[in-house]
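Please arrange chains Y and H on chain D, whose structure you already have, making use of the hints.
So the sequences go chain by chain: D, Y and H. Counting in our numbering, the first sequence runs from 1 upward without gaps. Counting in our numbering, the second sequence runs from 1 upward without gaps. Counting in our numbering, the third sequence runs from 1 upward without gaps.
Wrong hints could be hidden among the right ones.
Since the list gives no way to pick one copy over another, a pair counts as held whenever it fits inside one copy or between any two copies.
Listed below are the simulated BS3-like cross-link pairs for lysine-lysine, each with C-alpha atoms no more than 27 Å apart in a straight line [said to hold, decoys possible]:
id : residue 1 : residue 2
1  : Lys101    : Lys35
2  : Lys101    : Lys29
3  : Lys97     : Lys35
4  : Lys29     : Lys97
Just so you know, these hints were derived from the structure itself, not from any lab.
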Amino acid sequence: MRFVHERALCDSDDVGDGTRIWAFAHVMKGARVGKNCNVGEAVFVEGGVVVGDRVTLKNQAMVFTGVTIEDDVFVGPGVIFTNDRNPRSPRMALVGKRYEKEENWLVRTLVGRGASLGAGSVVLPGVTVGAYALAGAGSVITRDVPPHRVVAGNPARARGWVCACGAILPPELVCASCGTRHALRGDALTAAG
Amino acid sequence: MRFVHERALCDSDDVGDGTRIWAFAHVMKGARVGKNCNVGEAVFVEGGVVVGDRVTLKNQAMVFTGVTIEDDVFVGPGVIFTNDRNPRSPRMALVGKRYEKEENWLVRTLVGRGASLGAGSVVLPGVTVGAYALAGAGSVITRDVPPHRVVAGNPARARGWVCACGAILPPELVCASCGTRHALRGDALTAAG
Amino acid sequence: MRFVHERALCDSDDVGDGTRIWAFAHVMKGARVGKNCNVGEAVFVEGGVVVGDRVTLKNQAMVFTGVTIEDDVFVGPGVIFTNDRNPRSPRMALVGKRYEKEENWLVRTLVGRGASLGAGSVVLPGVTVGAYALAGAGSVITRDVPPHRVVAGNPARARGWVCACGAILPPELVCASCGTRHALRGDALTAAG
Numbered sequence: 001m002r003f004v005h006e007r008a009l010c011d012s013d014d015v016g017d018g019t020r021i022w023a024f025a026h027v028m029k030g031a032r033v034g035k036n037c038n039v040g041e042a043v044f045v046e047g048g049v050v051v052g053d054r055v056t057l058k059n060q061a062m063v064f065t066g067v068t069i070e071d072d073v074f075v076g077p078g079v080i081f082t083n084d085r086n087p088r089s090p091r092m093a094l095v096g097k098r099y100e101k102e103e104n105w106l107v108r109t110l111v112g113r114g115a116s117l118g119a120g121s122v123v124l125p126g127v128t129v130g131a132y133a134l135a136g137a138g139s140v141i142t143r144d145v146p147p148h149r150v151v152a153g154n155p156a157r158a159r160g161w162v163c164a165c166g167a168i169l170p171p172e173l174v175c176a177s178c179g180t181r182h183a184l185r186g187d188a189l190t191a192a193g
Numbered sequence: 001m002r003f004v005h006e007r008a009l010c011d012s013d014d015v016g017d018g019t020r021i022w023a024f025a026h027v028m029k030g031a032r033v034g035k036n037c038n039v040g041e042a043v044f045v046e047g048g049v050v051v052g053d054r055v056t057l058k059n060q061a062m063v064f065t066g067v068t069i070e071d072d073v074f075v076g077p078g079v080i081f082t083n084d085r086n087p088r089s090p091r092m093a094l095v096g097k098r099y100e101k102e103e104n105w106l107v108r109t110l111v112g113r114g115a116s117l118g119a120g121s122v123v124l125p126g127v128t129v130g131a132y133a134l135a136g137a138g139s140v141i142t143r144d145v146p147p148h149r150v151v152a153g154n155p156a157r158a159r160g161w162v163c164a165c166g167a168i169l170p171p172e173l174v175c176a177s178c179g180t181r182h183a184l185r186g187d188a189l190t191a192a193g
Numbered sequence: 001m002r003f004v005h006e007r008a009l010c011d012s013d014d015v016g017d018g019t020r021i022w023a024f025a026h027v028m029k030g031a032r033v034g035k036n037c038n039v040g041e042a043v044f045v046e047g048g049v050v051v052g053d054r055v056t057l058k059n060q061a062m063v064f065t066g067v068t069i070e071d072d073v074f075v076g077p078g079v080i081f082t083n084d085r086n087p088r089s090p091r092m093a094l095v096g097k098r099y100e101k102e103e104n105w106l107v108r109t110l111v112g113r114g115a116s117l118g119a120g121s122v123v124l125p126g127v128t129v130g131a132y133a134l135a136g137a138g139s140v141i142t143r144d145v146p147p148h149r150v151v152a153g154n155p156a157r158a159r160g161w162v163c164a165c166g167a168i169l170p171p172e173l174v175c176a177s178c179g180t181r182h183a184l185r186g187d188a189l190t191a192a193g
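Chain D extracted, bound-state conformation (with noise of 0.2 Å):
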């Protein structure tokens, strides 16, 4: 079972059982949500997104048509993704036919499991957003964010490291919260158990 909002709009036919969608919210026709998602108030899915199971969606956050969201993530509140490097208004006579095939102005953008991108945060087109990274509120994230990173600022720059948990990791690298031990291979952090 899913649950739509009678004030959302839900066209697509593959949202996941337990996924709920709330009120001024649309999932266009081709969007995949998957299982037990939140799909918060105003969220904006285009066509063409994948989003995976267990993700949360915060409100007014604009997933368009590229995107592709690992399980598990956090999208915070206002979060907008791009997928145009050059982007003119399609009406324009000058550029018609440049957006008359995707291939010519679509650029693809990932988002690894369980990561978080806080409030207000913008994606360039073309990013990779590593598994369990931490955009801080505001980051304008205009390259690869490796896996655990913390970034933030505009342009969004390297600040330390957290662990799946969500605490910010101390120095030695073992998390304070849950005692999950990393190490660090050239710029690869991984959880070491």
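Chains Y and H in isolation, oriented as in the chain D frame:
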């Protein structure tokens, strides 16, 4: 008498006289909104929020649980409050326990009397914005803002002082618009009549 | 013929042929919107706004009184315009008089033909964005942007030049995409055929 637009949702029974709630806005059960407020289009006010009298919430502002807004505050269009320092999708098994109790994650925010938050500002959890402070459009407010302080940027930094009437103060701290004199003691500015 | 989604509100009688207004959008009385525009979901267009032909207003863009948008402009998702340099809640007794007349507070903004404002941009009041300029996603536009200029950041700074077709120009100012040559005289770039 209060006004609720036919396309708005008001589930709260604690909204003051003279307050107007516009289309696509939602004031949830358990939210308290004072008298003579303006709740703009598509504004979201969650349960547990307290809003004073004569407050303006411009379009699409989002006010979540844990936020208190005193009298006469201006919350610009698209302003986003937050209430969790380490947000994760509450549906992720790893963090399910954390989200069982508000005390595990909820951080409170206060906006003092007569303050203004410019368009698109993002307010980090736990911040206090002082009375009559002014955050410029696009501010990301990561720390407390003293009364009458002007801040701007990401992160927001001090840029000057502002009179209660909204005019930026010159170095001598006498308002060119309303004539109010101010005195600075340490970091604290007060109106001196 | 124009199209107004059944969940949209259009109170203006000055919307051009071929324009489509999508769900949860609101075009207020007194707003003028040209022909063949796309007014995305949850967009807000206030009375007094003038929008040209073939303009794209992406989801949740907010356009307030005092803003003029010329033909062929792209306004990205979540873009916020502003119109008051010293915003206070108009309901606060101290400033009631100021808000009695528009001339006391209203500052006008212009977006020139064919320009693009990236996702989540915030436009300060009084700014002129030149024709075919491009503001990157997340820009906070605090000053005028010359024609064909690329800006990005908070505050937005110059980053290069862009062709009317949307391609970033190389140092020699000949567009690699459409072949248009440009000439730079002082701070002004013009297409030279």
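Now for the hints, and whether the structure bears them out:
1. When the C-alpha separation of Lys101 and Lys35 is checked against a cutoff of 27 Å, the pair qualifies only between copies, where the shortest distance is 23 Å, while the shortest distance within a copy is 32 Å.
2. In this assembly of identical chains, the alpha carbons of Lys101 and Lys29 lie at most 27 Å apart only when taken from the same copy (19 Å versus 36 Å across copies).
3. Only between protomers do Lys97 and Lys35 lie at most 27 Å apart by alpha-carbon distance; the minimum there is 19 Å, versus 38 Å within a single protomer.
4. For the homomeric pair Lys29 and Lys97, the shortest alpha-carbon distance inside one copy (25 Å) is at most 27 Å, but the shortest distance between copies (34 Å) is not.
When held up to the earlier numbered hints, the structure conflicts with none and fits them all.
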